[in-house]
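K.L.:
Make the full structure from the sequences, and use the hints.
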Amino acid sequence: DAGVIQSPRHEVTEMGQEVTLRCKPISGHDYLFWYRQTMMRGLELLIYFNNNVPIDDSGMPEDRFSAKMPNASFSTLKIQPSEPRDSAVYFCASSLRARQETQYFGPGTRLLVL
Amino acid sequence: SQQGEEDPQALSIQEGENATMNCSYKTSINNLQWYRQNSGRGLVHLILIRSNEREKHSGRLRVTLDTSKKSSSLLITASRAADTASYFCATVPLGGFKTIFGAGTRLFVKA
Numbered sequence: 001d002a003g004v005i006q007s008p009r010h011e012v013t014e015m016g017q018e019v020t021l022r023c024k025p026i027s028g029h030d031y032l033f034w035y036r037q038t039m040m041r042g043l044e045l046l047i048y049f050n051n052n053v054p055i056d057d058s059g060m061p062e063d064r065f066s067a068k069m070p071n072a073s074f075s076t077l078k079i080q081p082s083e084p085r086d087s088a089v090y091f092c093a094s095s096l097r098a099r100q101e102t103q104y105f106g107p108g109t110r111l112l113v114l
Numbered sequence: 115s116q117q118g119e120e121d122p123q124a125l126s127i128q129e130g131e132n133a134t135m136n137c138s139y140k141t142s143i144n145n146l147q148w149y150r151q152n153s154g155r156g157l158v159h160l161i162l163i164r165s166n167e168r169e170k171h172s173g174r175l176r177v178t179l180d181t182s183k184k185s186s187s188l189l190i191t192a193s194r195a196a197d198t199a200s201y202f203c204a205t206v207p208l209g210g211f212k213t214i215f216g217a218g219t220r221l222f223v224k225a
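Line by line, the protein sequences are chains A and B. Counting along the first sequence from 1, when you hit position 6 you're at 6 in our numbering, and nothing is skipped either side. Counting along the second sequence from 1, when you hit position 80 you're at 194 in our numbering, and nothing is skipped either side.
It is worth saying that the hints were derived from the structure and are not from the lab. You may find that some hints are simply not true.
[Claimed, not checked] Result set (SDA-like, lysine to any residue): computed pairs, CA atoms no more than 20 Å apart in a straight line: (1) B/K212 with A/Q37; (2) B/K212 with A/D57; (3) A/K78 with A/V113; (4) A/K24 with A/H10; (5) B/K212 with A/N52; (6) B/K212 with A/E62; (7) B/K224 with B/R174; (8) B/K170 with A/S66; (9) B/K212 with A/V12; (10) B/K212 with A/Y31; (11) A/K24 with B/V158; (12) B/K212 with B/S165; (13) B/K184 with B/G210; (14) B/K184 with A/P54; (15) B/K212 with A/M60; (16) B/K140 with B/S165; (17) B/K140 with A/S66; (18) A/K68 with A/H29; (19) B/K212 with A/Y104; (20) B/K170 with B/G210; (21) B/K170 with A/E101; (22) B/K212 with A/S66; (23) B/K212 with A/V113; (24) B/K212 with A/T102; (25) B/K212 with A/R97; (26) B/K212 with A/T20; (27) B/K212 with A/P61; (28) B/K212 with A/E101; (29) B/K212 with A/T38; (30) B/K212 with A/H10; (31) B/K140 with A/G42; (32) A/K68 with A/T20; (33) B/K212 with A/R9.
P.N.:
Below is the structure:
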């Protein structure tokens with residue numbers, strides 16, 4: 001298996017623009033997680049899905065952030081409009097079965113909002 | 115506040131030496147996991163220890179768990195330069211839903 005795939009790997013955009021991050025989880029994994037990592041706040045869970053259904057989005061910073069999982073092999077995290085404080089590395093991870101088991105992380109998307 | 119907090123924040127050792135990192139957490143847990151993150155990469159799962167286990171080994175890694183003290187340690191024996199990375203503990207509180215990662219320990223192994 002290719003592992004969790006994320007695109008793009010790097011994104012530079014200007015404040016106010018829409019940003020869409022993409023993730024393909026490992027085939028057969030039931031759980032998908034979106035994290036954000038910054039020096040100041042460390043690794044934060046934004047939202048997670050189980051069988052394509054959002055279970056907990058309490059970590060989503062504000063209404064500018066939205067996430068979807070239209071099918072078992074694809075998820076998006078959208079920021080609209082983007083702000084400089086959204087600059088971070090965004091990781092997608094997936095896990096098999098229970099939420100408390102091993103998570104497999106993608107390589108991340110490094111986002112810079114100017 | 116963080117559920118899992120690693121100690122030390124940073125550690126620098128010589129190749130061949132052992133590295134010990136500690137993690138403390140606040141609430142009861144089902145299991146505790148350790149992950150490694152190389153610079154510019156995603157996290158990689160190293161080992162999972164369940165709450166009813168006290169010690170677990172995987173290659174050069176040894177993890178202990180003391181639920182009475184709510185702490186865990188990760189020992190890397192005979193360290194190599196390739197072990198240079200950040201190491202994170204991760205917990206899910208008993209009855210909880212979210213995996214919570216600590217701030218991490220930055221390990222630097224000098225060749």
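K.L.:
For a C-alpha distance cap of 20 Å, please report whether B/K184 and B/G210 respect it.
P.N.:
Given that 20 Å is the threshold and the Cα spacing comes to 16 Å, the pair holds.
K.L.:
Is the straight-line distance between the alpha-carbon of B/K212 and that of A/M60 20 Å or less?
P.N.:
holds, 13 Å
K.L.:
Given the hint that B/K212 pairs with A/P61, test it: the Cα-Cα distance must not exceed 20 Å.
P.N.:
holds, 16 Å
K.L.:
B/K212 and A/R97 were given as a pair; does the straight-line alpha-carbon distance stay at or below 20 Å?
P.N.:
holds, 14 Å
K.L.:
Mind checking the alpha carbons of B/K212 and A/Y104 for me, to see if they're no more than 20 Å apart?
P.N.:
This hinted pair holds, its Cα atoms lying about 15 Å apart.
K.L.:
Verify the proposed pairing of B/K140 with A/G42, using a straight-line Cα cut of 20 Å.
P.N.:
Roughly 18 Å between the alpha carbons, so the hint for B/K140 and A/G42 holds.
K.L.:
Need the status of pair B/K224, B/R174: alpha-carbon distance at most 20 Å?
P.N.:
It holds: about 17 Å lies between the C-alpha atoms, which stays within 20 Å.
K.L.:
Regarding the pair B/K212 and A/H10, is the alpha-carbon distance no greater than 20 Å?
P.N.:
Given pair B/K212, A/H10 is violated - Cα atoms ~27 Å apart, limit 20 Å.
K.L.:
Are the Cα atoms of A/K68 and A/T20 separated by 20 Å or less?
P.N.:
holds, 11 Å
K.L.:
Tell me if the straight-line CA distance from B/K212 to A/E101 falls inside 20 Å.
P.N.:
holds, 11 Å
K.L.:
Going straight from one Cα to the other, do B/K212 and A/T38 come out at no more than 20 Å?
P.N.:
holds, 19 Å
K.L.:
Below or equal to 20 Å on CA atoms is what counts here, so check A/K68 against A/H29.
P.N.:
It holds: about 16 Å lies between the C-alpha atoms, which stays within 20 Å.
In the structure shown, a violation is registered for the earlier hints numbered 8, 9, 14, 17, 20, 23, 26, 30 and 33, in ascending order.
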